[in-house]
Amino acid sequence: KAGVTQTPRYLIKTRGQQVTLSCSPISGHRSVSWYQQTPGQGLQFLFEYFSETQRNKGNFPGRFSGRQFSNSRSEMNVSTLELGDSALYLCASSEGLGTEAFFGQGTRLTVV
Amino acid sequence: GQSLEQPSEVTAVEGAIVQINCTYQTSGFYGLSWYQQHDGGAPTFLSYNGLDGLEETGRFSSFLSRSDSYGYLLLQELQMKDSASYFCALCGYSTLTFGKGTMLLVSP
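Protein chains in written order, with my numbering: chain B, 1 to 112; chain E, 113 to 220.
No lab work stands behind these hints: they were computed from the structure.
Below, a sample of chain B positions facing chain E; criterion: calculated Cβ distance under 7 Å: (1) G42; (2) L43; (3) F45; (4) E48; (5) R55; (6) N56; (7) E100; (8) F103; (9) Q105.
The beta carbon of each residue, even a glycine, is placed where N, CA and C say it ideally should be.
If we strip away everything but chain B, and leave its shape as in the complex, we get (with noise of 0.2 Å):
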């Protein structure tokens, strides 16, 4: 079974820009969770779709967005980037509630 894809695995941006972030999860997960990783504040949780629905809000600006497709495939997009959203994006998938999430390898995103 393939695991979680994320595309790209880099990425370089200026500040202002936008950027969209793909996830595809394993074969069979419908849910589909998004996590900023830096340095200086750990796993942070973006949100969460489980069937097209958000389910789930973490504590960041209105800049970050997600959808979900009927394939369970999902996107974040970062708009207006700053400096600040330099990190890794890292996107898990799972059945559904609770226990064991499968992470991708993550998006570096850096911001210039």
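Let chain B serve as the given structure and place chain E on it in line with the hints.
Chain E alone, transformed into the frame defined by chain B:
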């Protein structure tokens, strides 16, 4: 809100046993999970405690005490490849709230 505290760094030698503690504050959760992350890699699931007590998976064991708001991860027969960051996480309805992580350094 929720918060978790774990030591920032732990060092040990190959073959030894190490315990990584995690204390938390929360108004409710389903369980406590542990994840391992090697430098540059993705976090990988190690263990989950939904109930109080000890869960054993090979060389790794995890413990939860809800009354003490405390859990730990126990790693036995340490190997060099165990050098990594370890995160405890509170499992909510559709979220994981992570601690800041403990970097484990295993020396020969």
